[in-house]
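> Chains as they are written, first to last, in my numbering: chain D, 55 to 276; chain S, 2 to 491; chain U, 131 to 389.
Simulated from the structure, these hints should not be mistaken for laboratory data. This structure is a prediction, so every number in the text was calculated from the model and none was measured. Please note that a few of the clues may not be correct.
Said to hold, decoys possible - Pairwise CB distance ranges, derived in the manner of DEER restraints:
hint : chain 1 : residue 1 : chain 2 : residue 2 : range
1    : U       : GLU200    : D       : LYS102    : 22 to 32 angstroms
2    : S       : SER410    : D       : ASP76     : 50 to 60 angstroms
3    : U       : GLU367    : S       : HIS185    : 32 to 42 angstroms
4    : S       : ALA92     : D       : SER64     : 21 to 31 angstroms
5    : S       : LYS175    : U       : GLU274    : 44 to 54 angstroms
6    : D       : SER64     : S       : ALA58     : 40 to 50 angstroms
7    : D       : LEU154    : S       : ALA92     : 35 to 45 angstroms
8    : D       : ASP76     : S       : GLU81     : 15 to 25 angstroms
9    : S       : HIS185    : U       : GLU200    : 49 to 59 angstroms
10   : U       : ALA345    : D       : ASP122    : 23 to 33 angstroms
11   : S       : GLU81     : U       : ALA249    : 37 to 47 angstroms
12   : D       : ARG67     : S       : VAL447    : 51 to 61 angstroms
Unchecked claim - Each computed DSBU-like pair below joins lysine-lysine, with the alpha-carbon atoms no more than 35 angstroms apart:
hint : chain 1 : residue 1 : chain 2 : residue 2
13   : S       : LYS471    : U       : LYS272
14   : S       : LYS175    : S       : LYS209
15   : S       : LYS486    : U       : LYS272
16   : S       : LYS175    : D       : LYS165
17   : S       : LYS293    : D       : LYS165
18   : S       : LYS209    : D       : LYS102
19   : S       : LYS477    : D       : LYS262
20   : U       : LYS297    : S       : LYS209
21   : U       : LYS368    : S       : LYS486
22   : U       : LYS272    : S       : LYS209
To be verified - Coverage of chain S stretches by chain U, computed from C-beta distances (three or more under 8 angstroms per stretch; other residues unrestricted):
hint : segment
23   : 24-31
24   : 272-278
25   : 333-343
26   : 443-451
27   : 483-489
The beta carbon of each residue, even a glycine, is placed where N, CA and C say it ideally should be.
Take a look at the letters that make up each chain.
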Amino acid sequence: MPDARTRILSRLRAAPPSPLPDLPDWTAPVYEPAARLDRFRAMFEAMKAEVHDVDAATWPQRLRTLLDNRGVRTLLHGDGSPVAAQLAAAWSGDDQAPALVAYDRAVEDLKDDLVHRIDAGITWASAGIAETGSVVLWPTAREPRLMSLLPPIHIALVEEDTIHDTLADLMVRQGWALRMPTNVVVVSGPSKTADIEQTLAFGVHGPKELIILVIRKQLNAG
Amino acid sequence: MSAESKASGGDGHMGHVTVTNFAGRAHVALNDKPLRANFRRAMDGLMTKRAAQFPDAADLARLRARGAAIKERALARLPELLEQLETRCTANGIKVHWAETTGDANRIVLDIFRSHGVRTVVKGKSMVSEEMHLNAFLGEHGIEAVESDLGEYIIQLAGEMPSHIVMPCIHKNKGQIGQLFSEHIEGQRYTEDVDELTAAARRVMRAKFAEADAGISGVNFAVAETGTLVLIENEGNGRMSTTLPPLHVAVMGIEKLVETLDDIPPLLALLPRSATGQPITTYVNMITSPRKPGEKDGPQEVHLVLLDNGRTRVYADLELRETLRCIRCGACMNHCPVYARVGGHTYDAVYPGPIGKILTPQIAGLDVAEDLPHASSLCNACVEVCPVKIPIADILVRLRREAVRPSASQAVKGGGHGWTLSEASAWAGWKILNAHPALYRMGTGVLATLGNLIPSSLPPLKAWTGVRAKPKFARKTLHQLARDKGFDDA
Amino acid sequence: MSVAHTSTAAPVSVERPSTVYFFGTCLVDMFYPDAGLAGMELLKREGLRVVFPQGQTCCGQPARNCGFFEEARAVIRAQFAAFPEPWPIVVPSGSCAGMMRVHYPQLFADQPDRAQAEAFAARVYELSWFLVHVLDLKLEDKGEPVTVTWHGSCHSMREMGVTDEPKRLLRSLSNVTLVENPRERECCGFGGTFSVRQPEVSAAMVADKIASVEATGASEMVTGDCGCMMNISGAMEKSGSRVRNRHLAEFLLERSDVR
């Protein structure tokens with residue numbers, strides 16, 4: 055007896071053919087370069103995320119204040135990433151600063167801390183999307199997937215000139231179809247639910263807060 | 002009214018549809034004031050939010066045309082795309098399984114879990130797993146499956162079915178949910194505070210995520226070109242279920258395919274906006290492989306179960322095939338004047354609302370759900386908003402036809418089940434009267450004189466006059482008046 | 131095999147004809163002939179020759195909607211015979227017009243007289259759309275001040291593409307105040323056999339419709355579809371509502387031509 059696969063496919067092939075329509079024109083929105091960051095920020099803020107302008111040299115100090123205001127004691131970072139090095143350098147000797155924890159082993163050996171104890175996680179975003187107010191997380195061995203999901207606060211660093219108009223534009227420009235990684239996530243705000251009476255509540259499973267640090271090219275000019 | 006008889010997986014039917022009793026269930030729902038208020042408020046809000054997301058009619062028309070064409074193309078090429086998906090997934094390290102019935106799918110999932118010694122499972126939201134009644138099936142085999150989507154978790158506690166495909170506990174208010182939580186969650190006091198209730202769910206769920214041996218998810222779109230599974234959600238429970246446990250099993254209907262990754266952005270531009278009126282969901286999660294060497298998290302194994310469950314039969318008919326374009330946004334139910342009044346449970350099926358009215362009879366059979374295609378005023382509100390332009394009203398009529406006069410191909414199980422001699426005779430008489438103008442004029446002339454004497458106890462009139470005055474025949478027909486006033490006949 | 135695509139029918143020719151057919155519809159014929167007559171008078175007043183074929187009966191929608199396609203087709207063929215000339219066919223009901231425009235081609239897709247069905251469908255106009263786009267109707271209001279609200283029928287909106295044409299006509303009357311019903315686009319619950327197959331759901335829908343009409347404060351509800359009107363006015367009468375119901379044609383004619 056043929057297997058399920060064969061039977062399903064042969065039933066589908068026995069069905070009458072339907073026409074293959076051309077894809078009608080549709081173009082994703084395009085923004086003026088000057089308006090792109092404004093859109094990115096406005097969309098994120100509408101989703102209850104925070105967007106801060108920072109510069110490449112001093113963002114750790116800015117982050118320090120933001121985390122202090124929230125009482126963050128532990129910050130998870132990628133193992134051996136430039137982010138970690140910059141944070142360690144900036145916060146060294148500051149014994150009031152949050153403790154830096156590296157995601158330096160497999161999840162199985164770090165699960166308890168990850169699930170229950172870490173206050174915040176910081177990752178790079180490989181790109182931003184203006185249309186929807188989103189950051190693209192392209193996890194790597196250095197910056198694993200759960201860093202942006204388990205801690206109650208997620209901080210994403212994104213460089214201003216990686217902010218694209220739309221996901222459609224980004225996928226084509228970066229040739230995603232040829233290099234899809236294990237996992238890629240488009241994040242557009244903190245974890246939220248409206249399952250109880252359509253009332254928005256944050257942090258139901260993932261981060262309660264999402265903080266976006268936009269590394270500006272020329273902060274003073276902008 | 003049938004009890005909540007959850008089938009245990011071997012029957013191959015969609016849902017626990019036994020014999021739907023729409024009118025009877027509607028009677029109960031219509032008299033449940035809080036329920037009606039819950040739905041009315043929710044649907045009004047959802048309609049307003051969707052409208053705000055699509056301010057430009059021409060843009061929306063272009064986007065819907067694109068969305069419909071994407072799904073049409075995928076369906077036209079379905080067998081080859083399924084093979085391509087399988088090839089790509091396999092190359093990426095995802096194991097692909099094929100299931101003809103929900104029973105087969107359940108056994109496939111169970112076998113995977115048994116071979117890994119799985120005891121507890123966390124689940125992301127999945128309508129296909131609802132079709133399978135997977136939780137109940139796993140429970141019977143000693144595996145605890147916990148719904149992690151807040152809405153699904155709530156109805157799992159209540160032992161109910163989802164009443165909406167996107168917002169499963171939309172029929173409940175916070176008082177009812179507060180009560181459930183205080184009964185089922187240790188140490189949780191009764192509260193109507195939504196933040197506190199949400200925090201309680203987070204607490205319970207964190208522990209479940211950490212201890213789960215496996216995660217189950219559905220799939221919103223599967224990309225044949227890359228072998229990528231696209232999952233969208235707001236809560237993060239889907240990401241948890243597909244990232245934290247060492248094993249991930251995804252279940253999907255065979256129609257969820259798209260050809261290329263480029264098809265995803267337009268569909269993402271349609272789905273969340275149509276569903277909940279949000280520009281995009283919080284997370285768009287694209288999974289292409291299990292954990293690779295050197296990576297520190299993600300499941301070591303990913304399995305994909307492709308489910309038929311009657312879809313190939315739907316596929317065999319070109320008109321009915323359009324049903325399979327559905328991307329499960331729920332806009333049809335949000336805009337349905339019938340659904341808004343009776344709620345999801347009245348449909349007694351996994352998929353309620355307009356899409357359920359065309360899907361359930363095709364999967365379970367017209368012998369089971371013949372009344373569903375008639376539970377519509379054919380107002381077309383669903384057709385107007387469907388992001389992939391499914392001609393729901395036409396398919397409803399097609400199913401009504403299959404119920405009284407089945408097609409030669411027996412396109413739908415249970416065809417002919419709705420035929421009655423009295424109705425067929427009534428239409429035969431109607432035809433004779435209306436196909437012969439002289440007879441028609443004589444008949445309507447008689448009604449103009451005597452029609453108002455017809456007693457309102459006559460069956461169709463009786464149903465009508467429950468809340469309405471009896472229609473009054475005019476003393477002269479328009480035919481007579483037109484002639485009297487000298488309007489030409491030709 | 132008919133592959134169905136319900137869509138809002140594309141607007142057809144807007145050239146002004148000298149002669150039009152009037153398809154009264156069976157409901158108007160038996161229950162609201164004054165509405166039909168008013169439609170014909172409006173067209174005649176604009177200088178058109180209006181032909182009312184005595185051979186017309188029903189558009190076939192009731193049987194089609196119940197799945198009795200052969201019976202529907204037999205009745206539709208009688209309409210083909212009754213409207214032989216290539217003149218526009220004006221219909222004072224969005225629902226019947228939608229049946230003729232959108233569903234005739236579907237029902238005859240695999241029939242020998244398919245071309246006839248398509249040609250017939252292309253000649254069908256909903257009355258208010260015809261008055262606005264073909265005749266560019268101008269009205270002089272001779273009536274007393276009145277506040278009205280509009281009920282748009284599902285099929286006029288979603289099959290015939292009638293959007294604000296009836297409201298434009300109402301607003302053009304100087305003594306008429308048009309108040310919007312926020313639930314104007316919601317079905318009244320008629321749906322032909324739906325109203326008797328699911329009487330309780332239908333009753334709930336019409337009760338809500340009436341409440342929304344009454345909440346506008348209008349003394350009169352004007353509509354373009356006699357199916358809706360029979361449902362809404364019947365329920366209003368039973369519930370003792372004071373809101374008056376009238377077909378658009380009757381209302382327009384009375385306001386602009388005090389007899």
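> Starting from the range 15 to 25 angstroms, see whether the pair ASP76/D and GLU81/S falls in it by beta-carbon distance.
18 angstroms, holds
> Are there at least three residues in the segment 443-451 of chain S whose beta carbon sits under 8 angstroms from a beta carbon of chain U?
Three-residue rule met by the segment 443-451 of chain S, so holds; n is 3.
> Decide if the proposed pair is consistent with the structure: LYS293/S and LYS165/D, CA atoms, cutoff 35 angstroms inclusive.
18 angstroms, holds
> Given the hint that LYS175/S pairs with LYS165/D, test it: the Cα-Cα distance must not exceed 35 angstroms.
33 angstroms, holds
> Tell me if the straight-line CA distance from LYS209/S to LYS102/D falls inside 35 angstroms.
27 angstroms, holds
> Take a look at whether the Cβ-Cβ distance between SER64/D and ALA58/S falls inside 40 to 50 angstroms.
43 angstroms, holds
> Range first: 49 to 59 angstroms. Now tell me if the beta carbons of HIS185/S and GLU200/U are that far apart.
57 angstroms, holds
> Given that the segment 333-343 of chain S was listed as covered by chain U, double-check it with a C-beta distance under 8 angstroms for 3 or more residues.
holds (count 4)
> Cβ-Cβ distance between ALA345/U and ASP122/D: within 23 to 33 angstroms?
54 angstroms, violated
> Within a Cα-Cα threshold of 35 angstroms, do LYS471/S and LYS272/U meet the stated pairing?
33 angstroms, holds
> Could you see if the CB distance from GLU81/S to ALA249/U stays within 37 to 47 angstroms?
40 angstroms, holds
> Straight-line Cα separation of LYS486/S and LYS272/U no greater than 35 angstroms?
24 angstroms, holds
In terms of the numbered hints stated before, the structure departs from hints 1, 2, 3, 10, 19, 20, 22 and 24, listed from lowest to highest.
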